[in-house]
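Student: Start from the sequences and build out the full structure, keeping to the hints where you can.
As you go down the protein sequences, you meet chains A and B in turn.
Numbering-wise, the working numbering puts 101 at position 101 of the first sequence, and it's gapless, one number per residue.
Numbering-wise, the working numbering puts 188 at position 188 of the second sequence, and it's gapless, one number per residue.
There are no misleading hints in this set.
As a list, the in silico EDC-like pairs of lysine to aspartate or glutamate whose alpha-carbon atoms are at most 16 Å apart:
(1) 253/B to 191/B
(2) 302/B to 166/A
(3) 302/B to 156/A
Source of the hints: derived by calculation from the structure; they are not laboratory data.
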Amino acid sequence: MDDFIAARSQMALSLGFHIIFSCIGMVMPFFMAVSHYYWIKTNNDVYKNVTKAWSKGVAIFFATGAVSGTVLSFELGLLWPTFMKHAGPIFGMPFSLEGTAFFIEAIALGFFLYGWGRFNKWFHWFTGVIVGISGLISGILVVAANAWMNSPAGFDYVDGQYINIDPIKAMFNKAWFSQSLHMSLAAFAATGFAVAGIHALMILKNKNVLFHTKAFKIAAVFGCIAALLQTVSGDHSAKDIAKRQPAKLAAMEAHFKTESSASLIIGGIPNEKTKTVDYAIRIPGALSFLAHGDFKSEVKGLDQIPADEQPPVAITHYAFQVMVGLGTIMMLIAVLYFIAVLRKKNWRNSKWLLKLFVLATPMGFIAVEAGWTVTEVGRQPWIINGVMKTKDAVTPMPGIAYSFYLFTAVYFSLALIVIYMLYRQIKMVGKLYDVDNG
Amino acid sequence: MLYVVIAYLWVSVLLYLLMGGADFGAGIIELFTSKKNRPRTHRTMYRAIGPIWEANHMWLIIAIVILFVGFPEIYSTMSVSLHIPLTAMLLGIIARGTAFTFRHYDAVVDDMQVIYRRIFMYASCITPLFLGIIAGSAVSGKIDPGAHNFLEGYIFSWLNLFSVAVGIFTVAICGFLAAVYLIGETDNEEDTQRFIAKARTTNIIAAIAGVLVFIAAKIDGIPLKEWVFGNAVGISAITAASLSLVLFWWLVKKGKRFILRVLAGFQVTMILLTTTYRHFPDIVLLKNGAHLSLLENSGHEKTIYSLGLALLIGSIFILPALFYLVYDFQKKKIKS
Ligand code: HDD
Ligand code: HEM
Ligand code: HEM
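Tutor: Set out below in structure tokens:
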């Protein structure tokens with residue numbers, strides 16, 4: 001394996017792994033806080049058990065998220081030293097603030113996990129809320145750093161020199177808002193659907209129904225609200241990209257030729273040689289509308305981008321289709337769910353709805369991975385859009401392929417262990433937390 | 001502001017060495033505990049570090065972020081030349097952090113525990129070993145950015161007597177810190193005596209390892225003796241550390257936990273002070289004689305300013321909360 005490809009693959013692997021844990025770490029504390037709140041208010045022990053069961057899961061994910069994040073902060077240098085040498089001082093602001101947010105999160109988690117029965121109830125509850133808020137803030141900050149790579153700001157690039165650096169401007173670059181918003185919603189949608197799906201499965205299996213129903217409701221409400229908002233924010237992101245990264249938009253949409261009244265291409269197999277897309281569904285004018293809000297407007301195609309600055313089209317296009325497809329399904333499920341809640345008293349008995357949620361368990365996370373593939377692969381060949389190429393940033397050290405194999409092995413074993421532990425956790429719910437049948 | 005940032009960097013490294021070190025040390029101590037006593041040691045350790053271990057490790061992240069934001073050239077040079085030990089340390093961090101959590105949150109207690117424990121103990125040794133190797137390599141003058149072959153550039157930069165000796169010394173220090181820390185965390189007299197014995201042994205081992213570092217430095221041609229004894233600060237720090245060592249041996253019999261902790265922490269602080277003071281502000285010495293200096297190789301003025309501000313503001317939030325966490329868990333030991 002080529003060292004450059006190995007470095008990119010290792011980065012993608014580490015980030016793809018970290019994002020799952022960080023989504024859960026950001027969102028679960030909010031679910032716990034709601035359940036905890038109900039417990040304090042109603043004194044119903046089922047809520048306490050839900051909170052406790054979840055907090056064990058969170059501790060596992062938090063630790064895994066923290067170590068994989070620590071690895072990332074080193075990997076930025078291990079794999080992309082030239083990038084970090086120049087970019088570090090510019091886009092470092094969110095990272096230094098993030099340090100504070102992580103720290104607060106870790107401290108609050110210490111209070112929360114070890115504080116059962118030791119503090120004032122509301123103080124204890126509050127520490128859980130702090131875990132969630134600081135996690136969310138750190139997520140937003142890191143994404144702002146990533147947004148800077150897509151939409152560099154806060155410096156002038158003159159003759160290979162980075163001058164007039166302004167870290168604050170760099171942090172509030174053009175992409176930070178749309179990306180952070182979309183990512184935060186994605187975390188809620190993905191985690192909400194995954195958690196709801198697992199509890200729905202247990203309800204269908206008729207195990208500890210009271211416990212799982214309460215848990216299901218909390219997760220489903222969060223997940224569904226986020227899924228509804230997600231599509232709106234996704235559309236906002238797409239319009240944003242049309243302005244700041246036309247090459248990425250063209251690759252996402254497999255839009256080879258610049259044209260006005262451009263049609264939206266759904267599905268299909270992009271052929272990068274003939275510059276055509278086979279077997280696709282086309283909706284005339286729709287792309288122009290989505291990108292610029294006007295059916296007639298012109299959309300820049302890949303033909304206007306120099307050949308050596310075009311991102312890989314096929315991967316970006318497929319990934320985008322996967323994200324949008326799953327997003328649409330999740331949105332539809334959310335609509336059904338809210339209709340069911342509003343109209344039918346005993347909605348949770350409707351098996352078909354629960355089955356839908358079970359089917360949707362992995363969808364959010366697949367969409368998250370696909371979305372990041374769009375963002376990162378769609379930016380290629382640039383590491384800093386329009387300023388530095390990825391291949392110029394890579395470490396000179398040979399043999400990165402071995403490091404990639406090593407990390408692949410480590411991450412896969414870790415993933416297996418975590419899944420196995422989660423499975424055991426769920427299997428034990430009956431023994432540890434069941435109050436409805438003794 | 002640059003000095004504020006440098007002070008934060010130094011303090012983060014120190015705190016990581018002290019708190020993270022005691023944390024690693026707990027795993028090392030467990031490795032060197034007889035089978036019979038292991039479960040008890042483990043329980044004590046969990047009670048002692050459970051609530052704060054996440055926070056302990058944040059110091060490393062703070063230090064890294066300060067390096068890559070404020071001193072990008074130093075960060076990228078070290079990342080390239082020390083790629084291999086850094087990767088080894090990372091693998092140690094992954095293995096240890098996850099094994100620690102799995103041990104305590106696995107819902108079913110069975111044979112998996114044996115695996116988690118092994119991973120935890122060995123990773124507790126490997127991580128500080130490579131941490132020490134990295135620190136040693138930075139000042140060893142073996143890092144050669146102009147190297148022409150793989151061995152020169154990526155292996156001998158860290159695989160040398162001096163760096164390895166510093167690695168071993170770091171492991172010993174961690175074990176010592178943990179033993180002292182655990183003295184105050186037990187709930188019965190027998191365990192207290194056990195940890196007192198361990199504190200003595202690890203202290204002797206650390207002293208021997210320290211001597212090894214000097215010997216290795218001599219062989220590798222590193223003027224360590226001059227760095228340590230060649231200036232007033234170095235000499236006074238070493239004297240203070242030695243005096244506190246005498247006090248330590250006298251007091252350890254009595255198992256006074258607070259004073260012992262302060263003394264152990266003081267010794268480690270003095271060691272870090274002597275080894276960093278003499279060649280401040282240079283923290284990476286290269287083979288060609290050039291230095292990477294905290295003062296000259298820092299980021300742009302505006303970056304340093306906002307970094308310093310971020311750190312100061314962050315501390316306002318963090319320090320009181322952290323202090324309260326530690327204080328509270330010291331005051332009322334966890335019941336279950
Ligand atoms: C649950 C996950 C999820 C779902 C359902 C969607 N997305 Fe998404 N999307 C993400 C998760 C995600 C993400 C992983 O969070 C990304 C990667 C980078 C980012 O900021 O968010 C992303 C990026 C991303 C980008 C690129 C942003 C950039 O590079 O700056 C666009 C244009 C969209 N999305 C558009 C959509 C549309 C039109 C959707 C309609 C259904 C949609 N997304 C659903
Ligand atoms: C957590 C969600 C993220 C995922 C899943 C992700 C995914 C990826 C993928 C797939 C690549 C490889 C692209 C290619 O080489 O074709 C990549 C590259 C990279 N990403 Fe991300 N990314 C994420 C967030 C971030 C963030 C927040 C940052 C930095 C602040 C970042 C920095 C980088 C860098 C430096 C590279 C290597 C250079 C490059 O290929 O452009 N990523 N990432
Ligand atoms: C979009 C991408 C990312 C998001 C949303 C994200 C979010 C998070 C969150 C919420 C946590 C807290 C851990 C948990 O609760 O499980 C975390 C941990 C961490 N992340 Fe990320 N992260 C992202 C990418 C990155 C990147 C690129 C880096 C490296 C530069 C990084 C560095 C860290 C570190 C060092 C930690 C550990 C902090 C701790 O101990 O709490 N993250 N991340």
